[in-house]
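K.L.:
Protein chains in written order, with the numbering used here: chain A, 1 to 316; chain B, 1 to 294.
Note that these hints are calculated values from the structure, not bench results. C-beta atoms are modelled at their ideal positions from N, C-alpha and C, and glycine is treated no differently. Any given hint might turn out to be false.
Just some of the chain B residues that point at chain A, by a computed CB distance under 10 Å [to be verified]: (1) Val-167; (2) Phe-182; (3) Leu-186; (4) Val-222.
Given next are the chains, with one letter for each unit.
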Amino acid sequence: MEVGSSLDRSRFRRSIRRHGWPLLLVTPVAVILLLFMYAPILDAVRLSLTDASLLRPGQAQAVGLDNYLKIATSKEFWGIAGQTILWSVASVAGACVLGVLAAVLLTTHRRGRPLRGRVIIGGLILAPFVAPPVVSAYTWIYLYSGSGPINGVLNALGATEPVYFLGDTVTKILGVALPLWSMIQVGVWHGFPFFFLMVAAALTSIPVELHEAAEIDGATGWRSFRSITLPLIAPVLEVTIFLELLFRLGGLDLPFLLTGGGPLGLTNVWGVFIYQVGFARLEIGYGAALGVVLFLICTPFAIWYVRRSRRQLAGF
Amino acid sequence: MTASMAASPVRTGRVRPQRRISGRRFAAYAAAVLLACYAMLPLYWMVITAVRPVSELLTIYPSWFPGGVQFDRFVKIWQAIPLATYMLNSAIVVLFTVLIGVTVAALGGYALSRFEFPGNGAVLALVLFTQTIPTVVLLVPFYTLLHDAGLINTRAALPLSYTIWAVPYATLILRGYFKMAFSRDLEDAARVDGCSRFGVLWRIVFPLSLPGLMSAAMLIAVFAWNEFLWASLVASQEQVRTVSVGLNQFVGRFGTNENLPLWMAGAIFVALPPIILYVVAQRFVSVGYGVTER
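Chain A on its own, in the form it takes in the complex (with noise of 0.2 Å):
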């Protein structure tokens, strides 16, 4: 045991002498990550104990498990998860559709010739991604409105009542408010870009003369995108796909800014409801349990994440 130890230590700094360098490095890298990502969640975990508020501060109790309990047992929560998800993954959906389709409109070379344009094309269809989700929002609201230039276009063609497209809380399409719809609608806007961005960097590298084969082979169009850009994208759109369904599941910018999660909570998703449990009803224990509950949902998906991420980023 001794000798174990000591050999132990010897090793040890052996291998500090031979790593230092890159030790030294990763670091900074390492020490952030710690304290300041995985120390607050462990955090959030205590908080999520107590009844923690910001209304008493320092006064906090603790409760056991009663803020998992009131999560479980509240209709409110069961409904905002259903909307979250519904919002991520039809927003992310839309994204995924219009993005892939602008990448390969814009990279797909036709005998060796590229679309004209292309560039300023593709620096058009980054405004959503790079705009500030303050100006995009509020822009959309005025859009949206009831007197506004979309209700002007369907006056035009006939219609006699303007649509409130983020206020109607009776009209449902697919048994889903409208307003939830139209907040998909942004949501779709907004993701597309990074789509585009992520599809059209991995199709510059696929070789023009793969097309051109196919091409001869009388294989064009869809069975031309079916056969051999999918196949080659499919890595890329795995990863985007996943982390686009992230950053809406825990995202709130948007959702926040457009409606606050109204009219009637038709349009409200978890981030926006933790917002409003911690800093609202500053009820930061029962929020730190709202996070914690989210958090753990995910962790699932993102083990997938890193596990498959490790395997492609092995070997040097």
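Fit chain B to the given chain A structure using the hints.
P.N.:
Coordinates of chain B only, in the frame set by chain A:
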């Protein structure tokens, strides 16, 4: 160019199939332009609202093309809200976030791209896993952390938090870039020639990796400039308020139709820096996204 092509008999044989495709080429163009219009729709509306006469805004269903153009809003907005202060605050936040974030990410990314060392895989897993933590989970614990440290509404609050959020992604981008852009041989040769380890990093790796560093810097900069919700929580006071929060408060205070052009003018000024950055340095963006998977 076309003339010389046509002159060659081999090329002329190709002309016919090209014409057949031109119909599809047109369809591809139309679809691409349509997508660009969709992407630009809110920005278009923002610009025409900023310049159109107020009278046009008081009517129901404003037209899609402004009847007149006025530019006084672009001056007035600077007096209506302390936009210059907000811009400066945001610029300071962006500057510090980028400097710290890119430095930390470049060092870590370099170590992870070049060296096999104990804990290598663990650190990589740590970085990858952080990418998948929903931001909102950190909202409450991070707020209490900053609160306990007495940092709420100080200049340090935002750069600190943004750096932490930006570092994992930037590390992955730079790690990928270092692996892809050039081989180790150059660094090994420099070492043999007596260059120090730090010298290799400073004189060879970083200068050769400018596109990658630039790409990471851009992503961090745009994120730090645009972020709204966290900024509204930890930097709400006027002397540290950033552009997004300032603009949002402006809607609350003057949210009437008469003030719409003014607000939109402000929105243009706020949206302009990231847009200009992307237009000028667009090629760096795909550099970053292209390598995260390598």
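K.L.:
Should the interface hint for B/Phe-182 be scored as holding, given a Cβ-Cβ cut-off of 10 Å against chain A?
P.N.:
violated, 14 Å
K.L.:
Using Cβ atoms only, decide whether B/Val-222 comes closer than 10 Å to chain A, and label the hint accordingly.
P.N.:
holds, 6 Å
K.L.:
Under 10 Å is the threshold here; is the Cβ of B/Leu-186 close enough to any Cβ of chain A for the hint to stand?
P.N.:
violated, 15 Å
K.L.:
Report holds or violated for the interface hint on B/Val-167, using the least CB-CB distance to chain A and a cut-off of 10 Å.
P.N.:
Where the cut-off is 10 Å and the nearest Cβ of chain A is about 6 Å from B/Val-167, the hint holds.
Checked against the numbered hints given earlier, the structure breaks hints 2, 3 and satisfies all the rest.
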